[in-house]
Amino acid sequence: MSSLASLPATGGDLKTGIEDSLKRLKGALGDKSIDPSEGCAATAKEKEDYSGPCPVCGKDHGIANTPESQALAKKVFDEVKANGFSPDLPYDKLSEKGNMVGVLIGVAEDGTTKVIKAFSGQVGKTGIYDVPGWAEAVPTKFPAVTEELSKKFDEAQAALTSLQKQIPEVNDLASKAAEAGKAAEKLVREGKQKDSDLQRDLKQLSELKPPEDLSDTKALGRYQSKLETVQGRIAEAQKRIKELESEIPEAQKLAETAKQLATAKRDEVAKLAGVASNKIDQELKRREKEFKDASAALLDDFAKNREIQNFNEEVDDVKKQARSFEEAIGNKELSHNGQCGWCAAPKLLAEAKKQGITPVSMTEFWMGKELDADKSEGNIVPSCKFCKSFIGFALCGLEKKQEKLAESLGETI
1 MSSLASLPAT GGDLKTGIED SLKRLKGALG DKSIDPSEGC AATAKEKEDY
51 SGPCPVCGKD HGIANTPESQ ALAKKVFDEV KANGFSPDLP YDKLSEKGNM
101 VGVLIGVAED GTTKVIKAFS GQVGKTGIYD VPGWAEAVPT KFPAVTEELS
151 KKFDEAQAAL TSLQKQIPEV NDLASKAAEA GKAAEKLVRE GKQKDSDLQR
201 DLKQLSELKP PEDLSDTKAL GRYQSKLETV QGRIAEAQKR IKELESEIPE
251 AQKLAETAKQ LATAKRDEVA KLAGVASNKI DQELKRREKE FKDASAALLD
301 DFAKNREIQN FNEEVDDVKK QARSFEEAIG NKELSHNGQC GWCAAPKLLA
351 EAKKQGITPV SMTEFWMGKE LDADKSEGNI VPSCKFCKSF IGFALCGLEK
401 KQEKLAESLG ETI
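What the sequence shown shows, in this note's numbering, is residues 1 to 413, in sequence order.
Don't read these hints as lab results, they were simulated from the structure. Errors might be hidden in some of the hints.
Stated by the list, open to error - Simulated crosslink set (DMTMM-like; lysine to aspartate or glutamate; CA at most 20 angstroms straight-line):
hint, residue 1, residue 2
1, Lys152, Glu243
2, Lys15, Glu96
3, Lys125, Glu96
4, Lys271, Glu288
5, Lys203, Glu228
6, Lys141, Glu307
Please construct the entire structure, taking both the sequences and the accompanying hints into account.
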């Protein structure tokens, strides 16, 4: 699907459009004759955000982050904020996760300036990776293999999600049953304690004797005080024991009902999962591993089989580029990570190659949930470590392409 839009010419006609495109090409090449106030003139510093080493030629290559692409990025930011990625994918879908969003300005062979836009991964946590009007992921060399791995991933995810949705209710009922059981046990313990206290006080009551000298008012007062205290405790214990005679059976009944509900739900979920009731926890772990393995296989396929074509028409794969880069920076994770095909930058560059567009500038920014100080909404963000692992190779030959197209367009004016 196309994700291209044309930037309008300042004067509105074809000739002016070509002249504007030529300025952008010259600006990207660092031509000092281009007025910086026009926004498309690129400096060496503006290429630092989106650059990386090329293992083929040994040089660093980058694409400029110009005021013009930044202004366009702001426009796309406002559009997504107001209207979402599409009518069915409003902005609030980014509240759980967030996305890197990028725009690329490039020039077509006919001299028109084009705009490509892309977002990283899926929209928020919707599971939607492709949206009309936005660049697709870097294509794979073996679509059938990727499709089969994607199918296994989807099946593993669906199976895990289905069980995960049931587990909270199972756990909640089990927790309630445990709480009800503890409440009943607490009342039983209280009953035993009250009975023990009653027997103690009855014994103490039987052992209380009035003073032999009843005229000894102090001794008689102490006796009567103890007598009243013990009798009060006995009365209180008898009253509470009487209450517990009805409270304990009721609590035990509630505990048994809660236990039956928890057992029934566990049996129901176990049956749906096709396992014995006491095997649910093991089944959950099995499905988690199955999903993890399917995810790893799919990501590895993405990394191994996604092709990059640079502007010298050389083709390489993401995993090889990642490995070359990781050796340079001492990072041992990149060659096993398939995010490269889903980041915004590679999607923009792959779409440009697919449509025959020569890039001149690019800007990426963050939208949605804030992840850290750098990934705060609206912040312009440089290439991540995954993109830096191959962006140098992907941009190799771009300057020659820009020079050749500029020369061709210059001859038409």
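Hint check results:
no., hint, in the structure
1, Lys152 to Glu243, "violated (60 angstroms)"
2, Lys15 to Glu96, "violated (47 angstroms)"
3, Lys125 to Glu96, "holds (7 angstroms)"
4, Lys271 to Glu288, "holds (18 angstroms)"
5, Lys203 to Glu228, "holds (14 angstroms)"
6, Lys141 to Glu307, "holds (7 angstroms)"
Hint check: violations occur at hints 1 and 2; the rest are consistent with the structure.
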